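Enquirer: Chain by chain, the residues:
Number of protein chains: 2
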Amino acid sequence: MITPSHDDGPVEAPESGAAFGQEWPRRVAILGVGLLGGSVALAVRRIRPQTTFIGYSRTPGKLDQALGLGVIDQTSDSIAEACRDCDVVVVATPVDRIAPLVVEAAGASPPTCLITDVGSTKAKILADVAKHPQAARKFVAAHPIAGSEKSGNQHAVADLLDGKIVVLTANTATDPAWLARAERFWTLTGGSTCWMSGEDHDAHLAAISHVPHLVSALVARMVPPQARSLVGSGWRDITRVAAGDPEMWTAICQENRQAICQELQRLSEELTRLQQIISQSQDEALTQWLGEAKRVKEQS
Amino acid sequence: MITPSHDDGPVEAPESGAAFGQEWPRRVAILGVGLLGGSVALAVRRIRPQTTFIGYSRTPGKLDQALGLGVIDQTSDSIAEACRDCDVVVVATPVDRIAPLVVEAAGASPPTCLITDVGSTKAKILADVAKHPQAARKFVAAHPIAGSEKSGNQHAVADLLDGKIVVLTANTATDPAWLARAERFWTLTGGSTCWMSGEDHDAHLAAISHVPHLVSALVARMVPPQARSLVGSGWRDITRVAAGDPEMWTAICQENRQAICQELQRLSEELTRLQQIISQSQDEALTQWLGEAKRVKEQS
Numbered sequence: 243m244i245t246p247s248h249d250d251g252p253v254e255a256p257e258s259g260a261a262f263g264q265e266w267p268r269r270v271a272i273l274g275v276g277l278l279g280g281s282v283a284l285a286v287r288r289i290r291p292q293t294t295f296i297g298y299s300r301t302p303g304k305l306d307q308a309l310g311l312g313v314i315d316q317t318s319d320s321i322a323e324a325c326r327d328c329d330v331v332v333v334a335t336p337v338d339r340i341a342p343l344v345v346e347a348a349g350a351s352p353p354t355c356l357i358t359d360v361g362s363t364k365a366k367i368l369a370d371v372a373k374h375p376q377a378a379r380k381f382v383a384a385h386p387i388a389g390s391e392k393s394g395n396q397h398a399v400a401d402l403l404d405g406k407i408v409v410l411t412a413n414t415a416t417d418p419a420w421l422a423r424a425e426r427f428w429t430l431t432g433g434s435t436c437w438m439s440g441e442d443h444d445a446h447l448a449a450i451s452h453v454p455h456l457v458s459a460l461v462a463r464m465v466p467p468q469a470r471s472l473v474g475s476g477w478r479d480i481t482r483v484a485a486g487d488p489e490m491w492t493a494i495c496q497e498n499r500q501a502i503c504q505e506l507q508r509l510s511e512e513l514t515r516l517q518q519i520i521s522q523s524q525d526e527a528l529t530q531w532l533g534e535a536k537r538v539k540e541q542s
Numbered sequence: 243m244i245t246p247s248h249d250d251g252p253v254e255a256p257e258s259g260a261a262f263g264q265e266w267p268r269r270v271a272i273l274g275v276g277l278l279g280g281s282v283a284l285a286v287r288r289i290r291p292q293t294t295f296i297g298y299s300r301t302p303g304k305l306d307q308a309l310g311l312g313v314i315d316q317t318s319d320s321i322a323e324a325c326r327d328c329d330v331v332v333v334a335t336p337v338d339r340i341a342p343l344v345v346e347a348a349g350a351s352p353p354t355c356l357i358t359d360v361g362s363t364k365a366k367i368l369a370d371v372a373k374h375p376q377a378a379r380k381f382v383a384a385h386p387i388a389g390s391e392k393s394g395n396q397h398a399v400a401d402l403l404d405g406k407i408v409v410l411t412a413n414t415a416t417d418p419a420w421l422a423r424a425e426r427f428w429t430l431t432g433g434s435t436c437w438m439s440g441e442d443h444d445a446h447l448a449a450i451s452h453v454p455h456l457v458s459a460l461v462a463r464m465v466p467p468q469a470r471s472l473v474g475s476g477w478r479d480i481t482r483v484a485a486g487d488p489e490m491w492t493a494i495c496q497e498n499r500q501a502i503c504q505e506l507q508r509l510s511e512e513l514t515r516l517q518q519i520i521s522q523s524q525d526e527a528l529t530q531w532l533g534e535a536k537r538v539k540e541q542s
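Chain order of the listed sequences is E and D.
Residue numbers for the first sequence follow this note's numbering, so the first one is 243 and each next one is one higher.
Residue numbers for the second sequence follow this note's numbering, so the first one is 243 and each next one is one higher.
Source of the hints: derived by calculation from the structure; they are not laboratory data.
Do not rely on the hints blindly, as some may be mistaken.
Any copy, or any two copies together, can satisfy a pair, since identical chains are not distinguished.
To be verified - Keeping only pairs whose Cα atoms sit at most 20 Å apart, straight-line, the calculated SDA-like set for lysine to any residue is: (1) K304 x S393; (2) K536 x D479; (3) K392 x T514; (4) K304 x S318; (5) K406 x S542; (6) K392 x D479; (7) K536 x S475; (8) K392 x R478; (9) K304 x K392; (10) K373 x G474; (11) K392 x E540; (12) K536 x S393; (13) K373 x G440; (14) K392 x Q541; (15) K536 x P488.
Model, not experiment: these values are computed from the prediction.
Throw the hints in and build the complete structure from the sequences for me.
Expert: Take a look at the structure:
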């Protein structure tokens with residue numbers, strides 16, 4: 243038995259011969275070194291200064307930038323090389339490219355390596371990876387609920403995940419020893435972990451993130467050109483996330499299409515009800531409707 | 243002729259015998275001493291420290307609080323007494339009570355007194371005041387596009403209007419000399435004035451403020467209870483204004499019902515189009531749709 247580390251993370255039975263204490267993880271590959279991947283590296287580095295972070299990206303310029311900024315320690319132009327000899331691989335690409343990279347990383351990494359991700363959608367990624375039992379065994383999906391409308395590793399910060407929820411999810415093909423390993427790794431980032439099924443995650447995220455993002459973009463699109471100079475702080479806050487990357491959000495809609503469509507339908511029905519309340523001058527009902535929104539907001 | 247004051251505000255011909263320089267306004271009544279009314283007083287006080295601010299409210303507790311905080315210098319429990327001998331009266335109540343207070347203040351104030359307001363809607367207030375020619379002559383409507391989801395004079399701050407747009411509007415019954423007076427007063431708050439018809443104001447504000455507010459409340463209302471702990475910074479920004487006062491926003495919907503209904507209809511049609519794009523997997527169209535939102539956001 244090894245001694246549990248000093249932090250409050252869960253204790254797990256170690257694999258035979260594997261060191262799993264203060265030195266873990268020795269090497270971490272970050273596949274896709276953007277805002278989130280970079281922030282994960284910077285976050286873990288705070289309490290694991292000896293860990294080596296290896297970055298991989300399809301775009302060499304991003305890798306050079308991350309190296310120059312000290313976000314990663316080494317670069318690699320091959321996934322196989324990046325993952326070789328790693329304890330953890332974090333796949334931090336747009337969601338539509340996560341599953342194939344997880345499968346590739348699982349094949350290229352040591353048998354005890356944890357493969358995890360940062361994707362905003364989960365069910366389809368888990369289902370795609372489940373078709374590859376060797377990969378599914380090593381994969382615990384993760385979604386750190388943290389981000390920014392900015393993108394790129396030049397915006398990565400060490401405290402991005404501090405106190406933020408990290409949703410963890412796995413399927414039945416995942417080896418149980420990997421669940422504790424994932425919990426341990428994500429606790430090292432400063433985040434607070436919780437477990438959920440991929441389906442629940444995707445339904446909840448459609449309601450609290452994906453559809454709100456689309457609504458923010460909708461509000462932005464509706465400004466008449468001649469009224470742009472009049473926008474105030476309310477509009478600016480509502481539309482902040484509308485500056486997010488269109489391709490990244492298209493990929494999220496692809497991956498979570500069903501839950502997003504259901505949630506858009508629910509939104510549409512609620513909007514119709516609001517239109518009736520206002521057009522029929524049901525002012526008391528409107529005050530109640532707004533009051534309920536205020537209560538939810540103040541409790542969240 | 244008097245010498246124009248040192249600031250860059252417009253120069254106007256003075257009324258016979260009226261001092262209209264550094265000493266103006268000597269006395270300002272604030273009818274409704276909340277976040278906005280209080281902030282106007284604090285703002286003007288910065289460059290007119292000798293000006294006396296008299297507060298009136300239906301709620302004595304709010305007045306005592308404003309006096310205690312130094313937001314106003316005197317209190318009054320009567321509109322007639324508050325407005326007597328004032329150079330400016332600012333009506334800063336919820337929008338549904340502005341027009342009758344403007345009429346009452348116009349009757350109770352000296353002949354040269356400017357009556358102005360801070361309402362988020364304009365056309366109906368102007369139309370209601372226009373039925374009273376003596377009041378309409380002295381009234382220039384104003385909407386400082388500044389605020390907060392907070393309310394109450396304890397949140398009033400001197401710089402709330404700094405650099406913010408103040409939309410000014412008047413109708414044909416307004417005496418032209420009052421237009422420059424209104425411009426002068428609102429420039430003293432730190433705001434930047436612009437002129438617009440009441441109808442244009444209301445249509446623009448429905449698009450950039452009133453309907454976005456309703457949408458923010460809609461997003462807040464749609465959080466499933468079990469997902470509340472997962473909300474992130476995007477959701478928090480989108481729903482910030484949903485914490486606003488339900489009665490104040492009901493009054494805004496009452497006063498600007500027609501423009502808001504039109505804008506909600508436009509929103510509903512755009513939402514239907516978005517639902518089609520996503521449900522039919524038109525991913526290229528979705529990227530373009532999101533890209534247009536990003537462009538508008540970044541230009542605003």
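Enquirer: Can you give the numbers of the hints that this structure goes against, from lowest to highest?
Expert: Numbers 3, 10 - these are the hints that the structure violates, sorted from lowest upward.
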